[in-house]
Structures are given as C-alpha cells and as structure tokens.
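If you read the sequences in order, they're chains A and B.
Just so you know, we're using my numbering here: the first sequence kicks off at 53 and counts up by one.
Just so you know, we're using my numbering here: the second sequence kicks off at 4 and counts up by one.
Fair warning: there could be bad hints in the mix.
Unchecked claim - To be clear about the criterion: a stretch of chain B counts as covered by chain A if any three or more of its residues have a C-beta under 8 Å from a C-beta of chain A, and this derived list gives those stretches:
1. 92 to 106
2. 214 to 224
Said to hold, decoys possible - Quick look at which bits of chain A chain B covers, simulated, 3 or more residues with Cβ under 8 Å:
3. 245 to 254
4. 258 to 272
If you are wondering where the hints come from, they were derived from the structure by calculation, not from laboratory data.
Predicted, not measured: the structure shown is a model, and the values here were computed from it.
Virtual Cβ for every residue (Gly too), placed ideally from N, Cα, C.
Okay, here's what each chain looks like letter by letter:
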Amino acid sequence: MMLTRESLLNWAMIAALLIVPLAAWSLDEPFIITLATKAAILALAGVGLNIALGLGGLISLGHAAFFGIGGYAMGILAAHAQNYEPLFEWPFLFEGSNQMPLIWLVAVVFSACAALVIGALSLRTSGVYFIMITLAFGQMLYYFAISWSAYGGEDGLSIWVRNEFPGLNTLDPIQFFAIAYVILCLALVFAARLARSPFGLALAAARQNEDRVQAVGLTPFTLRLTAFVISGAITGLAGALFADLNRFVSPTMLSWHTSGEIMIFVILGGVGRLYGPVAGAALYILLEHLLGGISDYWQIFLGVLLLLIVLFARGGLIGAIAGREKAHG
Amino acid sequence: MADVVLKTQALNKSFGALQASRDVSLDLRPGEIHALIGPNGAGKSTLIKQIAGNLVPDSGTVELLGQDVTALDTVARARMGLGRTFQISALAMEYTVLQNAVLGALGGRGRPFHFFRNVMKDAELLETARTALERVGLTQDANRRTADLSHGQRRQLEVAVALTLKPKLFLMDEPMAGLGTAGSKALTGFLDGLRQEAPILLVEHDMDAVFALADRISVLVYGQIIATGTADDIRANAEVRRAYLGEEDAA
C-alpha cells in the first residue's frame, strides 16, 4: 500500500496521541495524561459524528443527546452501585454496576435506540429542518435531565470512585488513558472499514446524489438511518467514557453547546476525513489548555480559527496539510 | 407473461391550472425502441417522472412487467428492473468512474448492508461494473474522478450505470443531449444493439437519432399524445408536422 501524505499524517497524529501521555507518565505529569485522555474521548465522540456528518452528510446538531445518554448510563448505573440501591427489582433484580464493560454496553444500546427513534423522525426532513429537529431532540433531553431530580437534576451526579475494568487499575491515569486510546483506535479501524464497505459506498453516494442512489434501487432513508444509529452509538460510548473521566455527569453533556463542540472537532479536523476528529479534538484541548491559561475568553480565538478554517481550508486541518482527498479506488 | 413491458393508462397530472399530462397512454414492447418526442414544455419530463416513480399521477395507472406500480416508489421500480438515465447527469461526482459503476452493480445486486468488506475488492461487483464501462467505452477512464469527466463522458457513464442494473427496460431521458455529432452517432449505434437486451423508452431531442432508431414514435404536445406510429407515419402525420416538425420541414 502506498503511503499518501494523509495516511502519514494520520499515523503521526495517532502516534503523538500515544507518545505525549507516555512521556508525561514517565515525567510524572498526570495532568497531561488526563488532557490526552480527554482528547482521545472527545475524538471518539467526533468519530461517531463524522460517520453521520462526513460520510452521510447528515448535519446533526443533536449528538449531545447520545453523548449525554452515554454519560447518564454510566452515572445512573454507578450511582446505584455506590448506594447499594437496586435499579429495579422486577422482573429481575438489577443492582447497578461499576463495571465498565457492562456500562459501555448499556450506553451503546441506549444511545443506539435513541438514535433510531430520533433518526427515524428527523430523517424525514433534510437540510435546515434536519438540523433544527435534531437540535430540538437534544434540547428536549437536556431539559428532561434538568428536571429529573432522582438523578441530580440540574446539579448532575457525582461518582466517588472511577468504575472498574477487569485486570486494570482505572484510577491510574495512564491505565485509564490506555482504555480510551484502545477504544478510539478500534473505532477508527471500524470507521475506516465502514467508509470502504458496500454500505459506505452507498451512504456517501446518497450524500452526493440522492436521485442516483434511488435509481439504482437503494433507499437513502434506510442507509442514513443505519448510519445515524451507528454514529449515535459511538458517540454514546464516548459519553460513558467522558463521564467516567470526570466521575461526574450533568445535563451540560446533553446541551446543544456540547453538540456544537463535537461538530467543531469534526470541522476543525476536516469533515469526512477519517482522522479529522482526532486532529480537531487534540487541537481543541491544546487551545483550551494553552489559551485558557492566558484568558478566560479563549473561545474567541477558537472562533477566529474556526472561521479561518471554514473560509480558507475546507478540508479542515488535515485538508490544509495533506491536500485534497483522493477518491479511493 | 406480459407482452408489454411498460404501459401507462390515461395518466393525468396537473400543476395548478397547468395540465402537464392529459390522458397519456403509451406502452413499450419487448425488443423495441419507443421514442417520445415533443416540443419544450410538452410534459415529457413530467411523464418520465410518473413512469420512474418521482411523481404520483392525479389519475391513471403505470404498469411495469404486467404489474400495477402506480403506488410504488422509484426504488421499488428500479428493483423491478427499470434502468433510468437522467436528463441532467445524476452521478456521485466525488467518486471515480469505476465507483459509480460499482454503486450501480451494488444496487442491482441489492443487500448493501455489509459494513466490513472492501466494496472495491468485490470481484462480482467489479466484473459487472467493468463490463458495463467497457461497453460504453469508458474503460480507460475508470479511475478518473467523475467530476473531471467531460459532459459527453458523463452521459456515457449514465448509460453504463443503468447497464450495471441489468434492467428489464430502459428509461432514457435525452441521453444524446450535449453530445457532439460523433458522440451522438456512437451512442445511436450502441442503443441500436441494446434494444435486443431490453426495450428502451427514449426521450430525445436529436431527431436524426430518433428517426434512425425508433421502432415507434409518440409525439407529446401540451401534455397529450397526438400521434403514435412508425417513423414514416409520424413524418406523414399532418398534425405532427403542424405542431412540431414544421420548422424543420420548412428548412
């Protein structure tokens, strides 16, 4: 396989995301490891959105819904586990859990189901209406979470101890980073295969020309709905990890600001570029850390950067460095 | 066994006060090229859309292979074997030529819900796609971006994608539009042979092509079919001459 500039760049980024926390670990700088973990998790959320947005052309401003559902899946299960109050006793006893694999499974299933319902309703529209409906669904869940006093309402839920993963000490920052990093890599491999699969070909064709896809006997709606569900599930998984990173979940995870941030990762890195969300999330964390130290209003600079990228580098950061995407053959 | 492949019966379609289709009944028989001609604004596109399933007629029926498909959508009709080419090329512009053809082959085969295997390494799809590209003469351009193709090459690719579906009939909306004389001639020769494979309902402005190819011609004027017949019948038809061919005859 020939290494294009883009794939070299991808390898460099994914290597840097590994080397930086490893170096920080050897220098005993846990804060840097936590930043890298945050970048990896947010990148994962972006990888999820990028399947809908980049591949499918579905401009969802409601992905915070899935991010937050993943977060609350973690929060609710862990809260019950730490209070020793069963979640429900009928038809069988369910006690909550502090085991990450189970939490992830619940997060993925619930965010996928939510994506199925939200997608089935909003994919009947397109363009601006689709953006507004996904936004509305996200905000509905946000206000629901605020009023859901059983699970903290506006204050959110705090979890005292990070959840467990068999064989690992998740409280050790580098070990928790390893979990997030491996999941991100798996998601990237999955997204890469998806893009080249029969499904990916048909989905991206539906973005480019809906008439063509219908004329060859494929249904754009089903393709898009499937993509939306996969996309929501991955973002939901990222939400569960994010909540575990902070040991805290609150309605903020569901707010439209969060949807916007996930979209910013994708746009900063390059819409439809496989590693775009990695570049975008890493840059975002970097800016937040560096500029945030200078000014509380660091997002002004982020806004300027975003403007410049949208105006002058349509392929985002990756497009600016690696050039136009090659049609893969 | 259906003896007509496609049949429309008394199709009516109005947009407000404008009646774009007026009791349109026509059919397409096995092995023939049936050309649909008419001046601009005669309602050809509206008719095509009703046949393909983009528009629901106000009244009347569309039958495909002996089955009433009036209530079915474009996807269902495509799956039944309707191979369509668009008046304005509808292709995935970011894709290579080969990818567009593979997309067609994938649609023809169905079952697109595979998430892991590489679609561009699927031998069956590639075979279908490459054969179709070869037949329209695009083999050399297989790896070019579709957006970089000339207008004429895009028209050829439209036909190739329709071929990958292995359709039971073709619905071609001005396939010659914008082709040069040479391109037009080449495509005329190709369509001539294609009718043996599947009949063609051909909407076309290029009169040379129409009179050279068509077994039957229907003339649509103000939404209404004013005549159907062989090339000679149509040439001789006074009403047609007045409505449509007049300018050319005078020349």
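Inset, instruction - Could you tell me which of the hints above the structure violates, numbers in ascending order? - result: Those not satisfied come down to hint 2.
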